[in-house]
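Participant: The listed protein sequences correspond, in order, to chains A and B.
For the first sequence, the tail end lands on 577 under the working numbering, and the numbers increase by one without skipping.
For the second sequence, the tail end lands on 314 under the working numbering, and the numbers increase by one without skipping.
Keep in mind the hints are simulated off the structure, nothing from the lab.
Treat the hints loosely; a few may be bogus.
Claimed, not checked - Result set (DSSO-like, lysine-lysine): computed pairs, CA atoms no more than 27 Å apart in a straight line:
# : chain 1 : residue 1 : chain 2 : residue 2
1 : B       : Lys210    : A       : Lys569
2 : A       : Lys477    : B       : Lys302
3 : A       : Lys569    : A       : Lys490
To be verified - One side only, chain A facing chain B, incomplete, derived with CB under 8 Å:
# : residue
4 : Lys477
5 : Glu500
6 : Leu514
7 : Gly568
Idealized CB from N, CA, C, for every residue including glycine.
Given next are the chains, with one letter for each unit.
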Amino acid sequence: AQRVTQPEKLLSVFKGAPVELKCNYSYSGSPELFWYVQYSRQRLQLLLRHISRESIKGFTADLNKGETSFHLKKPFAQEEDSAMYYCALTSNRDDKIIFGKGTRLHILP
Amino acid sequence: NAGVTQTPKFQVLKTGQSMTLQCAQDMNHNSMYWYRQDPGMGLRLIYYSASEGTTDKGEVPNGYNVSRLNKREFSLRLESAAPSQTSVYFCASSTGGVGEKLFFGSGTQLSVL
Numbered sequence: 469a470q471r472v473t474q475p476e477k478l479l480s481v482f483k484g485a486p487v488e489l490k491c492n493y494s495y496s497g498s499p500e501l502f503w504y505v506q507y508s509r510q511r512l513q514l515l516l517r518h519i520s521r522e523s524i525k526g527f528t529a530d531l532n533k534g535e536t537s538f539h540l541k542k543p544f545a546q547e548e549d550s551a552m553y554y555c556a557l558t559s560n561r562d563d564k565i566i567f568g569k570g571t572r573l574h575i576l577p
Numbered sequence: 202n203a204g205v206t207q208t209p210k211f212q213v214l215k216t217g218q219s220m221t222l223q224c225a226q227d228m229n230h231n232s233m234y235w236y237r238q239d240p241g242m243g244l245r246l247i248y249y250s251a252s253e254g255t256t257d258k259g260e261v262p263n264g265y266n267v268s269r270l271n272k273r274e275f276s277l278r279l280e281s282a283a284p285s286q287t288s289v290y291f292c293a294s295s296t297g298g299v300g301e302k303l304f305f306g307s308g309t310q311l312s313v314l
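Next comes chain A alone, as it looks inside the complex:
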């Protein structure tokens, strides 16, 4: 069964400090991983996806198949990064997209 685990409900980081949001997954096949973000009073939106290996707003994520992880990183946190972040997984077998429980990132001034 597909499963996405985000171990931290809340992460507080000082502005300018590095950020790492953890995501681990469980899937027997070949997954595709995403990070979605929900800013206050805005719709959920894609932040980045593994398949395109992009860097958005300074965030990057590397798929580590050995550790089944897709942690989200940013070297220097900014106040506007405060938001709810969701890791998500899909497969090449069907169109089902499963999300983790989310991590609220709070950037301290």
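Given the structure of chain A, go ahead and fit chain B onto it with the hints provided.
Facilitator: Below, chain B alone, put in the same frame as chain A:
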């Protein structure tokens, strides 16, 4: 630039009442989804539709039914609402296929008393 449109935005129901949440997308997307968002539980998939005429259960389908009326519209029905269905409901769509991103609606806040 409508994208994914959900109606209503807010709804209060009494236990046992029924209602349908509507969702429409104007991006010619093949796949559509219904999620519920609850504090501490994240986003959980209720049902999805990979193409017009098909629907599949997600993680938490009990108590819900869906209809993919046409390519644009995907409705979610609560036949007999329960307090446990109090949640924020999100509809989303994508072109379909591996790695394609979801476009979300603005959500429906539902309270069941």
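Participant: Each hint needs a verdict: does it hold in this structure or not?
Facilitator: So, going through the hints one by one against the coordinates:
Distance hint between Lys210(B) and Lys569(A) is fulfilled; the C-alpha atoms sit about 23 Å from each other, no more than 27 Å. Among the hinted pairs, Lys477(A) with Lys302(B) is consistent with the structure: their alpha-carbon atoms are about 24 Å apart, no more than 27 Å. Distance restraint check for Lys569(A) and Lys490(A): the Cα-Cα separation of roughly 12 Å lies within the 27 Å cut-off, and the hinted pair is therefore satisfied. Restraint check, Lys477(A) versus chain B: the minimum CB separation of about 7 Å is within 8 Å; hint holds.
The beta carbon of Glu500(A) comes within 5 Å of a beta carbon in chain B, closer than 8 Å, and the hint placing it at the interface holds. Satisfaction of the interface hint for Leu514(A) is found here, the shortest Cβ-Cβ separation to chain B being roughly 4 Å, below the 8 Å cut-off. Restraint check, Gly568(A) versus chain B: the minimum CB separation of about 6 Å is within 8 Å; hint holds.
The structure is consistent with each of the numbered hints, conforming to all of them.
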